[in-house]
Amino acid sequence: MHQGIAFRVAYVAAGERGDAEEAVQDGFVKAYRALGRFRDGAPFRPWLLRIVANEARNRRRSAGRRTGLALRAAAASGDAAPSPEAAAVAAERRDELLEALGRLDERDREVLVHRFLLELGEEETATALGIRRGTVKSRTSRALERLRAMVGEAES
Amino acid sequence: MSGLERELRALSAVVDWPAEPDVATTVADRLGERPPARPRRLRVAIVAVALLAALLAVLAVPPARTAILDWLGIGGARIVRVDELPPLPARRDFDVLGHRTSSVAAQAGAGFPLAEPPRDEPAPDEVRLAPGLRVSYIWRDGDDVRLLITQFPGRVGDPALLKKLVGRTTAVDRFEVDGDPAVWLEGGPHAVLFVAPDGTIRDDQGWLAGNTLLVDRDGVTMRVEGQLEREDAVELVRATRGR
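Taken in sequence, the protein lines are chains A and B. If you count by this note's numbering, then the first sequence holds residues 1051 to 1206, one letter each, in order. If you count by this note's numbering, then the second sequence holds residues 417 to 659, one letter each, in order.
In short, the hints are calculated from the structure, not lab data. All C-beta atoms in this analysis are idealised placements derived from N, C-alpha and C, irrespective of residue type, glycine included. Keep in mind that a hint or two might mislead.
To be verified - Here's a subset of chain A near chain B, in silico, CB distances under 7 angstroms, partners left out:
#, residue
1, GLY1054
2, ILE1055
3, ARG1058
4, ARG1067
5, GLY1068
6, GLU1071
7, VAL1074
8, LEU1119
9, ARG1122
10, ALA1124
11, PHE1166
12, GLU1173
13, SER1191
14, GLU1195
15, ARG1198
16, MET1200
Said to hold, decoys possible - Computed list of chain B residues with no C-beta within reach of chain A, every gap over 10 angstroms:
#, residue
17, SER428
18, ASP432
19, ASP511
20, ASP560
21, ARG562
22, ARG654
To be verified - Reference excerpt, derived from the structure (chain B facing chain A, CB under 10 angstroms, subset only):
#, residue
23, ALA435
24, ASP438
25, VAL520
26, PRO538
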């Protein structure tokens, strides 16, 4: 049930598929064994995501790998039959955005990916990243500014 | 929301994430190597264990090497067999089942097709409604509860509206009631737990069932709990038909 989102969170933090997979495995095992520390009534998913994200981050650091994230857009789908020209422009813009996200500073990228690409709420993002909710807000705002400086605002 | 935020949100639908690995088997194998110490103080801890166990069980884990011994699913209920049951609380708090209301209001507000209470029983002492989630009919006997009938929308394969945690000693028997899939749980304690829509895990501590019958009728699961024999429970379910 949580495997999909856990893997994506790990992938964002690790920046590499193999490490992300191992981080999910280790994170789940650790979560299982640390259930005694799980706070009564707290949402389960953010807690699990935080453990997985920490695992992934530690792996990336111990491998001495730079932060970075290569994301691609899949073939466009779900659009209401756009013209080939419109589809091409949209696809180009998507690639530009994803490429720019990959170039952002780790903390900026993480908060934007969690909030927008993974569609986590502020509270859940805060728990998963181990920061306060206010920090999520301010960091999101700053990260958007930096991204805007790189790619501009949408034309339409 | 700025245009850029909208664009980023739209990206979520088209990002080509790497294929999700199947980590369940590996995780389950590792968990099976050394069963975790189970702190007694946190009921919720156990609930979360079940959630994780359910997650793994969904992915067809070899049961012999894990704490997950068996897996059955019916309607919106999943039954997860575990090595050891949590200490069961004795509280009789039914708030978790929803707010008190009338049978009429429950019909109107359930959000799914609701069967009326069984014909030959007196009217329930309490009706509890959690809109869209479940409706419960409760019959009391002094401070105790004699009978509890809960209905909840259960789509087969739905990961979690309700889970049931059963111990090794509980017999689990699958059969049919008038062609509808049914499960009978007998002979040992079991706890009931819910995963709320917000992701919060809540255990149904109000009622620690005796024997239990679960019947999936056209996508709505009916759960009958009480000190009942199987035939009595089946008759109760039949008596809720024919409105």
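- [ ] Against the earlier hints, flag every one the structure doesn't satisfy and list their numbers going up.
- [x] Of the numbered hints, 2, 5, 8, 12, 13, 14, 16, 17, 18, 25 and 26 do not hold.
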